[in-house]
Every structure is written in structure tokens, then in C-alpha cells.
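J.: Now for the letters of each chain:
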Amino acid sequence: MTPAPTLTATRTGAILFTDLVGFTEFTDARGDAAAVQVLDAQSAIAADALADVDGQLVKELGDGLMLWFDHATHGLRTAAGMLQAIEQARTERGFPLSLRMGMHWGDVVERGADFVGQNVNIASRIADLAGPGELLVSEQVVSAVDGETPAAAFRPVGPTRVKGVASPIWLYRLAT
Amino acid sequence: MGFPAPVQAAVVRITTTSGSIHVVAEPGRTDVWSSTDPLDDGRLPATIDGGASRVRVRVPEGTDLVVGSTSGRVTIEGSVGAVSAMTNAGRVSIADAESVDVRTKSGRIEVKQVSGSCRAVATSARVEIGHCGDADVTSGSGRISLDDANGRVHAHCSSGRIEISMGGAHDVDAETVSGRITVSLPAAVRALVVPLPGEVAVGADDCDCVVVARSGSGRVDVSNR
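Protein chains in written order, with the working numbering: chain A, 1 to 176; chain B, 1001 to 1225.
FYI, nobody ran anything at the bench for these hints, they're computed from the structure. No residue lacks a Cβ here, since even glycine has one placed at the ideal position from N, Cα and C. Careful, some of the hints might be misleading.
As the list claims (entries may be wrong) - Think about it this way: if two alpha-carbon atoms lie no more than 25 Å apart in a straight line, the pair counts; the simulated SDA-like pairs of lysine to any residue are:
#	chain 1	residue 1	chain 2	residue 2
1	A	Lys163	B	Ser1124
2	B	Lys1105	A	Asp63
3	A	Lys163	B	Lys1112
4	A	Lys163	B	Gly1062
5	A	Lys163	B	Ser1071
6	B	Lys1105	A	Thr10
7	B	Lys1105	A	Arg161
8	A	Lys59	B	Gly1216
9	B	Lys1112	B	Gly1062
10	B	Lys1105	A	Ala166
What the hints assert, rightly or not - Counterexamples of contact, computed for chain A against chain B with all Cβ distances above 10 Å:
#	residue
11	Asp48
12	Val58
13	Glu60
14	Thr73
15	Val109
16	Gly112
17	Ala113
18	Asp128
19	Ala130
20	Gln140
21	Asp146
22	Thr160
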């Protein structure tokens, strides 16, 4: 008999998804060992970025990561730190790929150590729309950091629609 | 069909699901007109939402726009300010803007003229940029062409050809996993050409700009016109 799913609690916070652009093509071209090196380097960069903030790595998704933050500003700080570290690694050490990221703010349901729900799906969708070296965030993130991050840091990108959500979600790019 | 609804707006936001969006910036116009229904007080809403219907909007020249459609085509005519446009499958055409940030999954991107910076992100679509300043263009699979770049250029493609024609001496960073890269420079410009890591850079000692061009499997051609 399949056990009933455990829904422990609802939490409000920031969900951040990351993705290494071109990882599949890179693995095809350079092989599995090189791909593992890239993933290890990304994990180390994420661990460093999370060291001084209130956030956690929820899970690894192939070449992507899902992270959780109770405070949107901590999520932004982590994302910006990871982008900067990856770009520095590209310049100084020849790190071969760029990172793209998407962040959304809202309620999620805890399921064990995981988070699920429509807002998780939205955050993943936002990451898909980002270009190399970009962090895209939803309007909800911009509202959640109201006053803590200069409004000029966010450049409008446009609206996107997610299945099951009636209204468009307006996106912004964190200017770097 | 809606009625003319004049408003003053610093930024005009327009969205549709499948309806096309057609914006015209008109010289001398001082208000915004939309084909959509106005609010009860006769004014336009903060966001013009056409849903599945076609939306036509007339704006003053220099107006900033944030527009997006799931599958509808986006066309912007006349001279506008900062444009942000996003579609899932709709083609995006922009005639003349101060700056551009345009994204699509599978719709083609065409930008004729941008006086400032141009950022374009496509998942699987061709990207064509005419005259521009700084350019940051990415396509997952689809050809990238910049006809007259007058600023720093970064072009990244996972699978597709990259063609860049520079209007002056500016740095270029072009990278594709599989596809040919062509960079055309003005006759008098001396470029330091930086190839793959480990290879020897070729160029003038006192170069005017740096061209980094990397293709995993395609030919790289950097030359003066």
C-alpha cells in the first residue's frame, strides 16, 4: 500500500532555481569526467554563497540547484554572489559555462526536506527564461525586498504566463 | 472593440495570451490610445491586457514599453524609449528604440535600430539586430546576426552560426558550441584576436580592440572589411 504523502507545513519564502547553460552540449563534447568537475565547482560556489545567509540547498537537479530562503534579500545576495563567482571562475580559471537563475516569492508546502507547489513551478519557469549570467525575479520578489534593495537594481523584462495561473507574472532582471 | 482612452503614462505595459500586439509611436502624440476597453472612468488600466484578442496601441515617441505575449506577435513601430518584450512563441519586431531587452522561446527576434544597449535572449530562434550600441545576445539554437554593432558585443550560441559586423573598434566576445563565427571589422581597426585557450593570440601589439571568438566545431573568421 502506498503511504499517504506527508504535508508538514506551509512556508513563505524565496525559491531560487539555477541552471548551467549548455551543460548537455558541454558533456557531449568534453565527457562525463569534465562534467563532474563542473558540477563539483558549482557546488563549492553555492556552499560559499550560502555560508553567510539564512538559506539552504534544497536539492540538486542534474546541473541545476534548488535553493530556499526565508528572506528575499538573502536569496538575492546569494544569487548575485554565485553569478559573480562563476564569472570570476570563467575569467580567471577558464570555467567553461555560465549560470542562469530564476527566483520567485510565495507560499510553498514542505514535503519532507523538499518544497512543492505552484510557486515552486513558477520559480523553475522563471529560471528557464533567463539568459547566461542573468538572474530573473518575479514582481513578488521585488515587493518582498521593498526598501532593502534599490528599485533601480531591477530592470523590467516583461510578462510570462504559467499554466494554472490566471494573471501574467511580471519579471525583472537584477542589473549587475 | 474599445474606445480611445487617453492617458499619460511613463511606462506602458501590454500583455496578451495569443493576441498580437501592435504598438505605434507617433510624432506629436501626447497621449496613449488603445483598442482595448477602458476602465469605467474612461482611463486605461495600468496594464493593457488583451487576452486572446489583438491589441493596437498608439503612444508618444520615446515612450518606455514593457510588453509580452504567450504566442502572439509583437510589433513596435516608430521611435520608442526603453523596450522590454517577452514572448513564448510570438515573433518580435522592433523598429527603433533607445534600449532593448527582448526574449523569446521560439519566436524570431528582429531589431532594426537601437541607440543604446541591446539584450536579446532566445531559446530556439533566429536573432537579427541592425544598428546597436552594446549588445548581449544569446540563442540556444538559432542564428545570431548583428549588422552594425557600435559597442561591446557578447554573443553566445549553443548551436548556431554567429555573424557580427562591427561599426567601430569595440571588444567582441563570441562563443558557440557548434557553428561558424564571422566577425567583420572596419578597415582601419586593429584587433587582438584571442582564440581557444592554449592557442597563441594573433593581432597587433597596439590593438584597438580585443576579439574573443570560440567555436567548438565551426570555423572562426575575423577579418577587416
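J.: Are any of the numbered hints broken by this structure? If so, which, sorted upward?
T.: 3, 4, 6, 8, 18, 19, 22
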